[in-house]
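Engineer: Next come the chains, spelled out residue by residue.
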Amino acid sequence: MNIYRMKTLLLFIGIFAFTIVFAGEGENIFKKTCAACHTIGKGRLVGPDLKNITKKQSQEWLVSFIQSSTAKIKSGDADAIAIFEQYNKIKMPDNNYTDAQIIKVLNYISQASGINQGSGTGGQATAPATDILSETTAENIKAGAAIFSGKQRPVNGGAACSSCHKVRDERIFSSGTLAKDLSLVYDVMGSAGIAAIVKSPPFSVMGAAYKNHPLTEEEVINLTAYLRSVSEERIYQRPTDFSMLFVFFGIVVFIIIFMSTIILYFKRKKLPVNHDVLSRPSKVIN
Amino acid sequence: MDIRSQIAMVFHLDKCIGCHTCSIACKNIWTDRKGAEYMWWNNVETKPGTGYPSKWEDQDIYKGGWEKKGKTIRLKGAGKFKGLKNMFHNPNMPVLEDYYEPWTYQYEHLFEAEEGDDQPVARPVSLITGEPITPKAGPNWDDDLGGSQEYARKDVNARNLSAAEQEAMFQLERMSFHYLPRICNHCLNPACVAACPSGAIYKRGEDGIVLINQKKCRAWRMCVTACPYKKSYFNWNTGKSEKCLLCYPRVESGQAPACMHSCVGRIRYLGVLLYDADKIEAVASCAEHDLVEKHLDIYLDPNDPAVIKAARANGVADSTITSAQNSPVYKFVKKWGLALPLHPEFRTLPNLFYVPPLLPTMAFVENGSYETTSESFWGAIEKSRLPMKYLANLFSAGNEKTIETVLKKLMAVRLHRRNVTVGDLPEDEVNGPMNEVMMDKDTADAIFRLTSLPLFDDRFVIPAAHREEAMEMLESTADVKGNTGFGFKEPPKRGL
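Chains as they are written, first to last, in my numbering: chain A, 1 to 286; chain B, 1 to 496.
Here chain B stands alone, though its shape is the one from the complex:
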């Protein structure tokens, strides 16, 4: 066993209201710079939709992630021959049009315009060329367009649905959408790290955050292609690639990352998971229908004495183990089994988990009309508006059973709470679903509390970074003890 700690996340999609506050918080801190205008380390997508960059999930276009080759896995778009072939022209890399041309408005014109007959306007100008442009795409251009021809119907996840299913998905009064906020997954098996020819990308040992060394980056841009989530961006101004760094300066000082801290819907949870690094290859190269199950198995119980012993032996700090025991992520992912990884079929073993949305799947059409009556609104999940297959394509590599179990658990919690607060349902109507997913009332209450009434410290259990120990590894602190002051020595000026 090679036990390591990983800072992992859970996003509760039922709670996301699509306000983009997270994106703005991130942009204001990190990517509001020349060359980084188009970067959205955090973005919120509407599903069904094509996302950002457009159709990022379609690995036939972008060749990101890993693919199974025999008993092991290989990078889909990188490697010796492919790297050589695409060294000077990489057709799999997203181009500016796949993102969008960033723009701003000529606000100054509103104040400085010559007096005339018309109101002055602020024209949009490109942030790259400075020329006036007509924006035709943006990072959330298909925001709320859950049924549109151009975007929703081109959703890659609906590709293997039957024509009838697809048609049903986009029927008037039946179509639904939900939001999907995305950041870097800080994967256990990151394709970006594997693809980098300069060895500039690394996964931090102490907390598993994946970072790009800006001094070592040589602008090969292999990470941009290799990352199946398209979360590595190339800065055209500095000539280096950049990506989400999970606000590590904040995390190291015990603060939640900016996107999570600012989240209005409080959908985000952050905590430590302990995992067994020896199993990564075996898990990443298992059969597709086992992927989610095997992936979740790699995370270990932080209360197990054997795991604690092995973790200590591997240098995991006690404070980190304690955080892992209190981790909300561990509860959602392992204890309750409610959260699933996004697109596990990319085989990067992402550490960002999503509680799938229940609302769009509820309610269904009966006799041509949208059924909203109380009895059937909380109806059977199999009859949901959003095909189970679609959600399975997003969160469980096509395994519908996994999704169904999670949604049934979520439904059971709701029925239980309705019984507690309203008490209008007959006992068996509540107990039936509870028993089906083998959930007791205490667990249901705990899920409810962490979902709806969590305190700040319940959502973010951040382990101490122990930078002082890291510092001691780099330099001898005794050398400077008694020798440092404020760093200046000036004679005082006297008199008036």
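For reference, chain A alone in the conformation it holds in the complex:
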């Protein structure tokens, strides 16, 4: 084999590998972080379809918006506020990606926009063609409730949803207030949105919690089904509000413990045995 052909081949292989690696990173980040809420040419999920987004906005604007949409909205940017209003006032979570990484993601998006040229619908709100919940039954809802409340541990050992989230449901006795109330999440995000978020959470805390404990497909469907049922039945639910009851019980139990301590230690030595001698006023003139 000719040595020059070898060199040329190596050069090509090198360039090819280089492109794959770097194109790959943008795609990876997109799939991991963005795909939960966004599609490229497949219509609206939680957030807008990102097809041709690089043509609609400047790269600078996009980078700063992606890094912190909250800051952008707060800064009074008209476009940012418009998007925020349009998409049910759900803020896009902030992230820690560098400018270079985000640019790679944008590159990937513009690349993918080209591929999906024909099938897109122009970013208007259209639900995905098939709903994952089309074949769910009461069994699914029950299983989803079990996972949500923690009665049933997920197969891969993730935490129960109720550790952090709350829903308006009589069946769930107590639930967390660390994260958002999920009673209305189905109305806002729809089944595809919920499924996408549950599968690979874009939020930093939730992402970290489920990084090594992903939910299975079946569990995702069950949970989504459950959250839909919560949303549908919420007007019939009258869950007890324990917040004041807890305070009340706390006071009662405190009084009981306090009283029993007094009773237990009532017959104790309260003063030194020589108290009367020691407490006598001193005759020493200071």
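Calculated directly from the structure, the hints in this document are not laboratory data.
From the three backbone atoms N, C-alpha and C, an ideal C-beta is built for every residue, glycine too.
Heads up, some of the hints might be wrong.
Claimed, not checked - Within a straight-line C-alpha distance of at most 30 Å, the following computed DSS-like cross-link-like pairs (lysine-lysine) qualify:
#1 B/K389 to B/K401
#2 B/K71 to B/K215
#3 A/K269 to B/K80
#4 A/K267 to B/K401
#5 A/K269 to B/K401
Claimed, not checked - Have a look at the derived ranges for each label pair, beta carbon to beta carbon:
#6 A/E232 to B/M87: 53 to 61 Å
#7 A/I132 to B/M87: 53 to 61 Å
#8 A/P281 to B/D118: 20 to 28 Å
With chain A's structure known, arrange chain B on it following the hints.
Structural biologist: What follows is chain B alone, placed relative to chain A:
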């Protein structure tokens, strides 16, 4: 039979002059340290009085010792539930005010004071805070205050006396007092050992000395509460409890403990007793009026061949058995029956015995005046100044009969010796009391000699400790034979 040896003591209260030399000897050797200022492993109390710490005998306050529960006994202030309840706040424990705030004087001020119009003084300062204080209590604050309102009348032992008896006790020209020196009793059934949650307190097998392992002590202070004699003290500086160790380094080398060695009145005797450890539970849980009798029964005759055989089989050294045979304590406690344990009702089976004081009980008031004439001075013991009940509360768990017998024996010895040395009494006046307590002249002379003219080695019969054997159990001495030197090797320096 499980025969063990126990180093026991006798304090002869008639001989105690209340000089506190024993306390000072002990303090100088053992408790003259930070955190141990208030500790008096040896203290001398005036009775009637409240003692140190104040009212230590009142177990309704301090919950020390054992109490009878059914057929056995239980710790009064410790146990699973009580221990849990009092883990973080133990109200039965004596507080600093129940002892006293130790103090010293600013002696330096006497030398370093600025020149002025007044004499410089050495103010008392607290040894704990360093601040000037006015001392209001001390380890022998009620010293010699045998009739005082604050102390003597609050004596716990006089509590179950009738009002008339109490009044008589404190009548002018009739009141009396005596001293009560106390150290750790190194009990056969120690409550401190039983109460310790860390297992830090132990009773030595070879001589029965009760010690606290300073490395294992975890500052629970259960021993402070549990000891009914309040002879376990908490060192606030080291965070460990400490108690009298019967000067075991001295005893092991054949010397008498410091308090005993220094005793001016020579009231103290030390010797070995052999006892049957199998009987401890039965004795400790018997009825109160039998306590003294049963307690003394646990000590065995060291001259009995069966006892010697059993003792040898149990590993008691021959030298220890010989010491037990010569033990002055055995003579006072068992042979002559003159010494009684202090507060046997605490059921710890103490090994410190007291010859009760005869003098305060003698002489009585007749026709409103203190009778001092020769005939009636040595009068009837029942008519004594100090109620028999009071002494019974101290030494025989309320059994007046026991005390009376002992005092009559002591009286008989005195009458006999008066007859020998002065010879002014009619025969029957001497023989009557002698016969009443079934005492012959030789015994009376022997009691007299050991009481009044004992030699040092008569008072302290200390068995060899056999540390060499103990050492051989721990390490092989052959390993170091021929291998040890002075431990250094340096080339000599030569030249000028």
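Engineer: So which of the earlier hints does this model not fit?
Structural biologist: Violated hints (numbers, rising): 2, 4, 5; every other hint is consistent with the structure.
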